[in-house]
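Protein chains: 2
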Amino acid sequence: MDFVFSDKMAKMKGSAIREIFKLAGDPNVISLAGGNPAPELFPNKELAKIASELLVNEPVLSLQYGVTEGYAPLRELTKERLAKKEGISSPDDDILITTGGQQGIELIAKCILNEGDTVIVEEPSFIGALNAFRSFNAHLAGIPLEDDGIDPQILEKTILENKNAKILYIIPTFQNPAGTTTSLEKRMAIYDICAKHGVLIIEDNPYGELRFDGEHVATIKSMDKEGIVAYCGSFSKIIAPGLRVGFCCAPKALIGKMTVAKQIGDVHTSMLPQLLVYEFQKRYDLDSYIQKNRDLYRHKCHLMLDTIDSCFPESVSHTRPQGGLFVWCDMGEGYDTSLIAKECVKKNVVFVPGSTFMVDMDKPCHYFRLNYSTMSDEKIIKGVEILGSTLKEIVKK
Amino acid sequence: MDFVFSDKMAKMKGSAIREIFKLAGDPNVISLAGGNPAPELFPNKELAKIASELLVNEPVLSLQYGVTEGYAPLRELTKERLAKKEGISSPDDDILITTGGQQGIELIAKCILNEGDTVIVEEPSFIGALNAFRSFNAHLAGIPLEDDGIDPQILEKTILENKNAKILYIIPTFQNPAGTTTSLEKRMAIYDICAKHGVLIIEDNPYGELRFDGEHVATIKSMDKEGIVAYCGSFSKIIAPGLRVGFCCAPKALIGKMTVAKQIGDVHTSMLPQLLVYEFQKRYDLDSYIQKNRDLYRHKCHLMLDTIDSCFPESVSHTRPQGGLFVWCDMGEGYDTSLIAKECVKKNVVFVPGSTFMVDMDKPCHYFRLNYSTMSDEKIIKGVEILGSTLKEIVKK
Numbered sequence: 001m002d003f004v005f006s007d008k009m010a011k012m013k014g015s016a017i018r019e020i021f022k023l024a025g026d027p028n029v030i031s032l033a034g035g036n037p038a039p040e041l042f043p044n045k046e047l048a049k050i051a052s053e054l055l056v057n058e059p060v061l062s063l064q065y066g067v068t069e070g071y072a073p074l075r076e077l078t079k080e081r082l083a084k085k086e087g088i089s090s091p092d093d094d095i096l097i098t099t100g101g102q103q104g105i106e107l108i109a110k111c112i113l114n115e116g117d118t119v120i121v122e123e124p125s126f127i128g129a130l131n132a133f134r135s136f137n138a139h140l141a142g143i144p145l146e147d148d149g150i151d152p153q154i155l156e157k158t159i160l161e162n163k164n165a166k167i168l169y170i171i172p173t174f175q176n177p178a179g180t181t182t183s184l185e186k187r188m189a190i191y192d193i194c195a196k197h198g199v200l201i202i203e204d205n206p207y208g209e210l211r212f213d214g215e216h217v218a219t220i221k222s223m224d225k226e227g228i229v230a231y232c233g234s235f236s237k238i239i240a241p242g243l244r245v246g247f248c249c250a251p252k253a254l255i256g257k258m259t260v261a262k263q264i265g266d267v268h269t270s271m272l273p274q275l276l277v278y279e280f281q282k283r284y285d286l287d288s289y290i291q292k293n294r295d296l297y298r299h300k301c302h303l304m305l306d307t308i309d310s311c312f313p314e315s316v317s318h319t320r321p322q323g324g325l326f327v328w329c330d331m332g333e334g335y336d337t338s339l340i341a342k343e344c345v346k347k348n349v350v351f352v353p354g355s356t357f358m359v360d361m362d363k364p365c366h367y368f369r370l371n372y373s374t375m376s377d378e379k380i381i382k383g384v385e386i387l388g389s390t391l392k393e394i395v396k397k
Numbered sequence: 001m002d003f004v005f006s007d008k009m010a011k012m013k014g015s016a017i018r019e020i021f022k023l024a025g026d027p028n029v030i031s032l033a034g035g036n037p038a039p040e041l042f043p044n045k046e047l048a049k050i051a052s053e054l055l056v057n058e059p060v061l062s063l064q065y066g067v068t069e070g071y072a073p074l075r076e077l078t079k080e081r082l083a084k085k086e087g088i089s090s091p092d093d094d095i096l097i098t099t100g101g102q103q104g105i106e107l108i109a110k111c112i113l114n115e116g117d118t119v120i121v122e123e124p125s126f127i128g129a130l131n132a133f134r135s136f137n138a139h140l141a142g143i144p145l146e147d148d149g150i151d152p153q154i155l156e157k158t159i160l161e162n163k164n165a166k167i168l169y170i171i172p173t174f175q176n177p178a179g180t181t182t183s184l185e186k187r188m189a190i191y192d193i194c195a196k197h198g199v200l201i202i203e204d205n206p207y208g209e210l211r212f213d214g215e216h217v218a219t220i221k222s223m224d225k226e227g228i229v230a231y232c233g234s235f236s237k238i239i240a241p242g243l244r245v246g247f248c249c250a251p252k253a254l255i256g257k258m259t260v261a262k263q264i265g266d267v268h269t270s271m272l273p274q275l276l277v278y279e280f281q282k283r284y285d286l287d288s289y290i291q292k293n294r295d296l297y298r299h300k301c302h303l304m305l306d307t308i309d310s311c312f313p314e315s316v317s318h319t320r321p322q323g324g325l326f327v328w329c330d331m332g333e334g335y336d337t338s339l340i341a342k343e344c345v346k347k348n349v350v351f352v353p354g355s356t357f358m359v360d361m362d363k364p365c366h367y368f369r370l371n372y373s374t375m376s377d378e379k380i381i382k383g384v385e386i387l388g389s390t391l392k393e394i395v396k397k
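From first to last, the protein sequence lines are chains A and B.
Read in order, the letters of the first sequence are residues 1 to 397 in our numbering.
Read in order, the letters of the second sequence are residues 1 to 397 in our numbering.
Source of the hints: derived by calculation from the structure; they are not laboratory data.
One thing to keep in mind: the hints can contain errors.
Copies of the same chain are indistinguishable here, so a pair counts whether it falls within one copy or spans any two.
Subject to a maximum C-alpha distance of 30 Å in a straight line, what follows is the list of computed DSSO-like cross-link-like pairs (lysine-lysine) [as the list claims (entries may be wrong)]:
hint	residue 1	residue 2
1	13	163
2	282	45
3	11	163
4	49	282
5	347	396
6	11	196
7	79	11
8	252	49
9	11	225
10	11	252
This is chain A alone, in the form it adopts within the complex:
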């Protein structure tokens, strides 16, 4: 049978990143491509103890159907943590446990978007979110991302110029892929503009707790007097991603509709992973565990930046992240980093070309993304050195 796919899905292809990830599974390959957290810190022994106890003592809780909203004590604990860490505490909000942070974005897209509606995004942005919007046939309008976030004036112009601009999707803290953090002033201006025009903000903050330099900046959700912000969070980068446990904190009406969509999608998030995330926080000190991750990522990030500074051609600029997992590099006009990525694959070094993160993925792009969280120190140095010498040859020409 020749399948005719729906208009919204017909053009969708798998993430180019995930194809590169398949290469990255080869132990001979130095992968600066992934977005995986460092596995050496996973609290696997603590989780083993909890899992065993729960399955023996709480068989019904851990193995029977649960409610779509998520395990109630985990929702409560997440609410408390958001209040304490991020100043997010509106009585008009509710929390939905999601199967990873990604599911929250997809559920909002399904609940809000008709085909042809506009979603405004930072450019570059997270491909998982861009594809979620594309998969409902949304029109994407990109705003160039600056070192301190998107320009609020361009945001307002984009809202006015695009038909049915319903959502602004933004990663204000340690952006993926750029590693940048939006300034407090811009966050406030962005919030005001979206409130004025009735645009829903999706604030995606999977990396917010991974700050290793600089000062905390208030989340946009903490400013949300009008109830226009849906805040997507995740335990993937602070406990473990394979568990697939995330959450969305948003106004009750939106959470209610998302809960209906989730019931249709996967009924509820797997119970055992939810219970592991809850019990780990109750029995151990999540903050001190996160601190170990921060220390590791600070070390790895600084190592990568130092190596870049000594190996890359001077004409290649890059961001200096204060947290998160990524460095964003710019070769300047006239280069196509997808060709360079192919060149580097032959030398067993992989990274992600910038076009992956753009609204128009087919246009040549002079940016590329590097990740420092997964590889050993030796491989970070060696990978950046190989990349640097390749770039020098290309820039010379």
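Assemble the complex: chain A is given as a structure, and chain B must be docked to it using the hints.
Just chain B now, kept in the frame of chain A:
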């Protein structure tokens, strides 16, 4: 902010069943409403041992990001089991691990349906599937379900009379809610008609392994020479539902597109539950575990049928399932079982009125569904007795 929801989601409400389930949590309530498997047989101690070992010895495998397609050894094992148990073994098919069987249905709907396309369904049918199709603004065309399945002639007429009839959704074995099994003859006729008209069949078979009486009937997927059948299965009813591990076996082109949609939806199914489902099958005898479930359900089903036969008014007819979890009762024209359900709630007995499973949920319906898998023997007897005396009063009037 007043949220304006997408056209496809605006009218969607939570499943009425799940509201009834909330009542069912009260220990004073006798719930014949749920669809939960019997928790007393969950292999929790075996799973505890496996979980503990995996988390200690395989931290990266169990906690790092996995691939969207699912854990490769579990896909392979599922393929082998399908070949052995169901004669499903086309080289043109592939397997996607899903977050419960429900996700497979939702992914197919997203990949295939444009708004307004027709999905043909048995009437009554599983509300989770009906809602998945509704949530993409599909038009539902119902075909009355007979004791041996839908009438193939009506199926062909329905395909011809409805615009863009793209999918037939069918639960041929131990149907939810009706408990009926489609005959081999009708399965063959249904397959031929769908092949002739290029209609994709979703064969949903979560209960197929729970046969406790009668003889096995070949799956429609086992007849699938043309590659028109997507077979959705689940480990929910044969290991444990809270794990949320299911699968879809379908032609490679469809699985490829579903994989893209799943990557956008939840990246991948949680690793630990996938590993538990795989290792349980490798280390223990799944078939003998399923046999225990069959024996339990045979006992409970016969107990319920015997009690119904002695307590219900003669004018109320019912199905005699040979497997699965449900009995479907018919009061005959002129009754509205949603009113009777409300009456019974006052007497602490809950069941699901038939309207829940119909294309038009607002029309009065003279059917209702009873479940026998969850309650103790005493509660099954007491619940059916209370329900019987209530029905006798109503029928008398």
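Hints, verified against the model:
no., hint, in the structure
1, 13 with 163, "both (26 Å within a copy, 28 Å between copies)"
2, 282 with 45, "both (16 Å within a copy, 23 Å between copies)"
3, 11 with 163, "both (22 Å within a copy, 23 Å between copies)"
4, 49 with 282, "both (13 Å within a copy, 22 Å between copies)"
5, 347 with 396, "within (19 Å within a copy, 85 Å between copies)"
6, 11 with 196, "between (34 Å within a copy, 27 Å between copies)"
7, 79 with 11, "between (38 Å within a copy, 29 Å between copies)"
8, 252 with 49, "neither (36 Å within a copy, 40 Å between copies)"
9, 11 with 225, "between (39 Å within a copy, 28 Å between copies)"
10, 11 with 252, "between (34 Å within a copy, 17 Å between copies)"
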